[in-house]
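Chains A and B are the protein sequences, given in the same order.
Read in the numbering used here, the first sequence has 317 at position 317, and its numbers run on one by one without any break.
Read in the numbering used here, the second sequence has 1491 at position 491, and its numbers run on one by one without any break.
Calculated from the structure, these hints are not laboratory results.
All values reported here derive from a predicted model rather than from experimental measurement.
For glycine and all other residues, C-beta sits at the position ideal for the given N, C-alpha and C.
Some hints here could point you the wrong way.
Claimed, not checked - Under the rule of at most 20 Å between Cα atoms (straight-line distance), these lysine to aspartate or glutamate pairs were calculated in the DMTMM-like manner:
hint	chain 1	residue 1	chain 2	residue 2
1	B	Lys1114	A	Glu99
2	B	Lys1321	A	Asp28
3	A	Lys218	B	Asp1389
4	B	Lys1120	A	Asp224
5	B	Lys1487	B	Asp1458
6	A	Lys218	B	Glu1152
7	B	Lys1048	A	Glu87
8	B	Lys1196	B	Glu1152
9	B	Lys1324	A	Asp28
10	B	Lys1451	A	Asp221
11	B	Lys1101	A	Asp28
12	A	Lys43	B	Asp1395
13	B	Lys1574	B	Glu1454
14	B	Lys1114	A	Asp221
15	B	Lys1159	B	Glu1550
16	B	Lys1328	A	Asp100
17	B	Lys1283	B	Glu1320
18	B	Lys1487	B	Glu1539
19	B	Lys1114	A	Glu383
20	B	Lys1048	B	Glu1075
21	A	Lys223	B	Asp1389
22	B	Lys1574	B	Glu1511
23	B	Lys1328	A	Asp305
24	B	Lys1300	A	Asp224
25	B	Lys1129	B	Glu1152
26	B	Lys1427	A	Glu368
27	B	Lys1576	B	Asp1534
28	B	Lys1366	A	Glu371
29	B	Lys1328	A	Asp28
30	A	Lys260	B	Asp1450
31	B	Lys1451	A	Glu99
32	B	Lys1328	A	Asp221
33	B	Lys1518	B	Glu1550
Unchecked claim - Here are a few chain B residues that sit away from chain A, every Cβ distance over 10 Å (derived from the structure):
hint	residue
34	Lys1324
35	Asn1411
36	Glu1421
This is what each chain is made of:
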Amino acid sequence: MTTTTTQATETNGSGQEASHSAAGISADEIALYDRQIRLWGMKAQEKIRSANILLITMKALANEIAKNLVLAGIGSLTINDHAVVSEADLGAQFFLSAEDGHLGQNRAVAASASLQRLNPRVKVIVDTDDIRTKHSSFYSSFDVIIATDLDADTLNVINTATRIHGRKFYAAGSHGLYGFLFADLIEHDFIIERQRSNLSTTLGPETKTRSIVSVAPKEPDNKDSHIELVTKRELYSTWLLASSDASHLPQDILSSPRRKRAVTPILSCLRALWQFTSTFGVPPTGPELLTNHTALAAFTQMCSDKHKALGLPAETLRAELLRSFLQNVGAELAPVAAVLGGQLAQDVINVLGQTQQPIQNFVVFSGESMEANVYALHPREGELGRGLLPVTMGVIDAAAEVLEKEGQTTDLMGLGGQHLGGQQQQQPSSQMEGVEQQQQQQQQQQANGVSTEQSTGAGQQQEQQGSGAGNA
Amino acid sequence: MDPTMGNPMVPMTAQIPGPVAQPIPLPVLTRDSYNSQSLGRSLNANVKQARVLMVGAGGIGCELLKNLVLTGFGEVHVVDLDTIDLSNLNRQFLFRHEHIKKSKALVAKEAAQKFNPAVKIVAHHANIKDAQFNIEWLSSFRIVFNALDNLEARRHVNKMCLAADVPLIESGTTGFNGQVQVIKKGVTACYDCAPKETPKSFPVCTIRSTPSQPIHCIVWGKSYLLNEIFGASEDESAFDHTVDGDNAQEIEELKRESAALRKIRNSVGTEEFAQMLFEKVFKTDIERLRSMEDMWKTRKPPEPLNYQELLDKAKSLDKEKVLKDAQKVWSLEENLVVFNDSLERLSKRVLESKSAGEESIITFDKDDEDTLDFVAASANIRSAVFGIDRKSKFDIKQMAGNIIPAIATTNAIVAGLCVLEAFKVLKGHYEQAKEVFLTPFANARMLASDKSREPNPDCPVCGVYQTRAYVDLEKATLNDLVEHLIKTNLGYGEKDFAISNEVGILYDPDETDNLDKKLSELGIKSDSFLTITDEDDEEPFVNVVIAIQEAKEPLGDKPVKGILDPEDVKIPLKPKKQPQPEPVATPTAATNGASTSNGQNGGVINLDGDEPMTTPAKTLKRGHPEDAEGPSVKKIKANDKAADDDIVFIEDSAGAIVIDDD
């Protein structure tokens, strides 16, 4: 593994050793982070300060995320990219500069110096490996993993590893004026401080994914205090489920024609984009494709299918929107990266601080309509959160080994094929993995859009296996 | 190594289905490829030619400049009068430690130039209100971006952009909240179309006699006690005298009390000073208050303190240790230690300037530790007297110093939206330009986008007819303006009308003394604004605002010349009085609602800076009903009722603290 640490030195203005207060945060840090500590408090700042975060693919979107996290003062940021800087990268990636000789350098290496200068207190680590050659254990050393601008199959592989190690996972992508954010926090608890109401707070579900798990007075000794601390828990689905036809829009949207019409058709386009790229090994972009009527027809059909599968009215998927979407695929724009990167980094910070409602679980942004709508996309049946156990570890690691041994980065379908279709050939190396493997098959069935009845069955089985695996 | 390796978005030809008519070579990718691809050639070319102005290079400004430069706007001017401070560095990412105390505009230009050498950046380390930034200069820009942190400058740029008819993209953030709007004369609402909240003030009696919240004690320490002892006089701006009439007797008592306190001021620097002051404000005055039994029928009466007793208890404390811990809520004894120590430090400063023969006036500054310690300790001791919760010095700094929390992410999101709005403006698609609010933590959306509001016909700023006139400032009198411009060129004829400027009325049918005075004698310069009010009862013109421009070339026989020929002047009539519109939530309620719901209100206008700003009350009605946790007028009204004596103070992490402006 090629990993380097840039100058990660503890410095302060005067160059003297920072004086640490009892809380662990020095007076210098409090002065530097003053305006944000006033927003999220010292406790959250301490949690942010000790977080180790992995950020994959250093393009425009990741530049924004990296900037925001490093400014906020996280513990360490590992930036991973194996590609080299091209002319086009200079367009929206502000860590790069032709005059600094970044053209042709590794993208993570090139970005690291400017990134480190934003905040010398944060440890910036550069990793130039192809992410697809990483073993699943790689992900266990991070608190949060953020994968940007990757294809759906690679996101699935990474998400599988983050599930195995119980790590929080974000995916995000930008395509010109459009983009998306996705979160799989598995099971995330956070504490909301609020005014006690006349009705006492009841424990139990608030939404399909969120429940109140405990309530306590903020100051148990102060009878006059009306502030209570409410611990809420959000449960998540995997990328594989949420990005595919196995997941559905929330019922309150589906039961309202008006709200269905308001669902952005970009969601259908994104799902079609992932499927197209997975099927053909390339995204629907570039002059070759845009003049290839068969490919265009295939993409249009996929959009239409995805739109229908989501239960959305056909009239909201218009030709001009499809054209606009295709025109934007693969491009990156600074202002869009800023919006998406700001929203994603803020959610990561909130998740670390554990005092705010996080994203649940999909955000679709359109710079055309200036909307960033949130959709909770989950399977209709079956357990969420930890109940959705990941596929076997062996599969990804074997795939990673093959890639590493061959020393090549073939198209992602090789890996996707092995991962998704090839599990039958894998020998489970332990009982535990056997269980996981079955679950993978079930998830795959769900992802492939099996009927409701079958899904129900799978969900029930999953529940049993989930608890079994938990005991193991 | 193949440069496209590992970039799954770079197309490979092998597996594309179907026939390809003929091989098309991959275009050579350049810095501008993606902009051109996404925006299309025409808009991208517009962007490359656009000359734009950005006012403010702070929290939003740094992010905005990055976006403008990367997107490739042809020429970007940056105006900011501020210098860089340590507390900026957590979000203003163009600045680093070594830049502290340097000009924001100049450092931002240097840093952003590296992002794209093709863009021309011009930095102005200056105040946007300076004369050089006049209407003519403003009208040379395609778009103006406001990235400001205060109401006054926002209003100024709004007015100037309306006069110059240049589209303005206005933005602001506070904490997790933010908003963007496009202001285009005659097309969308302007910044002043909805009333803005004025800074809070407090009834004198709440501060002086019946405090019930920490902020009351903090304002007492900062605006009353500190000023009486060390300042020039009582800081009147903090007090709301509108209810004084109801409490005439108590107000008289308070005046006597203040006079007695000012006498103590003469003892500054003596050994007994701390004890004298303490016993005056925390014992004698409290005993008097307590004796007014009517006042304490429904409230807990205050408890006077004994200085000597408290001092004995405080003896064992380690002063340095107490002073260092700004996060801790000090005990009563610890507060006495800080009270005495800060008094000593402040007294020393007074004596020093006295011995140097200078008058000594110390006013509150959140970054002046001596004043902050004094205000924190006095406020906390007073809180103890009245049974109010004490606060840490860290918290008191925020409340007394009016600090607005600010973070990088909100600024980044807002600055990104500004450029997306700019695309609509460049295309002339104002109907697509949205008014966008960030709605953090809402379930259904992270942005609330709505059609831009229409101009308010009653708006004092844009609901007027704007015109310009060239004037020979050395020659022209007010009468020249009346005769050669208003009556003839603008067509007022025999109408009754009044002329006023920001100072007051210059002319009306009963006030003709100024007619023979030269405009220069009346303080009218280039870029002065004059308002003409039609005083006819029937079919009056809307107000006309004339921007005075100094004539650059001789005007001929008359020293005043309107910019339009009389036939092109079309002043609309005032809209007929509509029946009273449905009541909207007051600005006070807006602040309340925004802060109590964990910042879940989309309807807050905010800013990254040191001054609170407010929401147009109208936007409160623009919430989306399907947002379970979104804004609702109902909820806000309930909150408003709950708040006692019109004070808005929410201490929750997302809340903006709104107190008097300093």
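Status of the hints after comparison with the structure:
For the hint pairing Lys1114/B with Glu99/A, the CA-to-CA distance comes to about 8 Å; that is within 20 Å, so the pair holds. The hinted pair formed by Lys1321/B and Asp28/A meets the criterion: a straight-line CA distance of about 17 Å does not exceed 20 Å. For a cut-off of 20 Å, the pair hint linking Lys218/A to Asp1389/B stands: about 15 Å separates their Cα positions. Distance check on the hinted pair: Lys1120/B and Asp224/A sit about 60 Å apart at the alpha-carbon level, beyond 20 Å; violated.
For the hint pairing Lys1487/B with Asp1458/B, the CA-to-CA distance comes to about 24 Å; that exceeds 20 Å, so the pair is violated. Pair hint Lys218/A plus Glu1152/B does not hold up; C-alpha atoms about 40 Å apart against a cutoff of 20 Å. With a C-alpha separation of about 18 Å, the suggested pairing of Lys1048/B with Glu87/A holds against the 20 Å cut-off. The hinted pair formed by Lys1196/B and Glu1152/B meets the criterion: a straight-line CA distance of about 11 Å does not exceed 20 Å.
For a cut-off of 20 Å, the pair hint linking Lys1324/B to Asp28/A stands: about 12 Å separates their Cα positions. For the hint pairing Lys1451/B with Asp221/A, the CA-to-CA distance comes to about 50 Å; that exceeds 20 Å, so the pair is violated. For a cut-off of 20 Å, the pair hint linking Lys1101/B to Asp28/A stands: about 17 Å separates their Cα positions. Our distance criterion of 20 Å between C-alpha atoms is met by Lys43/A and Asp1395/B, whose separation comes to about 15 Å.
Between the alpha carbons of Lys1574/B and Glu1454/B the distance comes to roughly 17 Å, so the proposed pair stays at or under 20 Å and holds. Among the hinted pairs, Lys1114/B with Asp221/A is inconsistent with the structure: their alpha-carbon atoms are about 57 Å apart, more than 20 Å. Proximity of Lys1159/B to Glu1550/B is assessed by CA-CA distance (about 19 Å); at most 20 Å being required, the pair is judged to hold. With a CA separation close to 47 Å, the supplied pair Lys1328/B and Asp100/A exceeds the 20 Å bound.
Restraint check: the Cα-Cα separation between Lys1283/B and Glu1320/B comes to about 27 Å, which exceeds 20 Å; the hinted pair is violated. A hinted pair counts as satisfied when its Cα atoms are at most 20 Å apart, and Lys1487/B with Glu1539/B qualifies at roughly 16 Å. The suggested pairing of Lys1114/B with Glu383/A is violated, with an alpha-carbon distance near 51 Å, which exceeds 20 Å. With a C-alpha separation of about 8 Å, the suggested pairing of Lys1048/B with Glu1075/B holds against the 20 Å cut-off.
Distance check on the hinted pair: Lys223/A and Asp1389/B sit about 13 Å apart at the alpha-carbon level, within 20 Å; holds. For the hint linking Lys1574/B to Glu1511/B, the alpha-carbon distance of about 24 Å lies beyond 20 Å, and the restraint is violated. At roughly 60 Å between alpha-carbon atoms, Lys1328/B and Asp305/A are farther apart than 20 Å, so this suggested pair is violated. Proximity of Lys1300/B to Asp224/A is assessed by CA-CA distance (about 14 Å); at most 20 Å being required, the pair is judged to hold.
With a C-alpha separation of about 10 Å, the suggested pairing of Lys1129/B with Glu1152/B holds against the 20 Å cut-off. The suggested pairing of Lys1427/B with Glu368/A holds, with an alpha-carbon distance near 12 Å, which does not exceed 20 Å. Taken as a hint, the Lys1576/B and Asp1534/B pair is honoured in the structure, with Cα atoms around 14 Å apart against an allowance of 20 Å. Taken as a hint, the Lys1366/B and Glu371/A pair is broken in the structure, with Cα atoms around 39 Å apart against an allowance of 20 Å.
Note on Lys1328/B and Asp28/A: the hinted pairing holds, with a Cα-Cα distance of about 17 Å set against a maximum of 20 Å. The suggested pairing of Lys260/A with Asp1450/B holds, with an alpha-carbon distance near 18 Å, which does not exceed 20 Å. A hinted pair counts as satisfied when its Cα atoms are at most 20 Å apart, and Lys1451/B with Glu99/A does not qualify at roughly 43 Å. Distance restraint check for Lys1328/B and Asp221/A: the Cα-Cα separation of roughly 18 Å lies within the 20 Å cut-off, and the hinted pair is therefore satisfied.
Using a Cα cut-off of 20 Å, the hinted pair Lys1518/B and Glu1550/B holds, with the two alpha carbons roughly 14 Å apart. A beta-carbon of chain A comes within 10 Å of the beta-carbon of Lys1324/B; the shortest separation is about 8 Å. A beta-carbon of chain A comes within 10 Å of the beta-carbon of Asn1411/B; the shortest separation is about 8 Å. The claim that Glu1421/B is not at the interface with chain A is violated, since a C-beta of that chain comes within 10 Å of its own (minimum 8 Å).
In summary, the structure is inconsistent with hints 4, 5, 6, 10, 14, 16, 17, 19, 22, 23, 28, 31, 34, 35 and 36 from the numbered list given earlier, while agreeing with the others.
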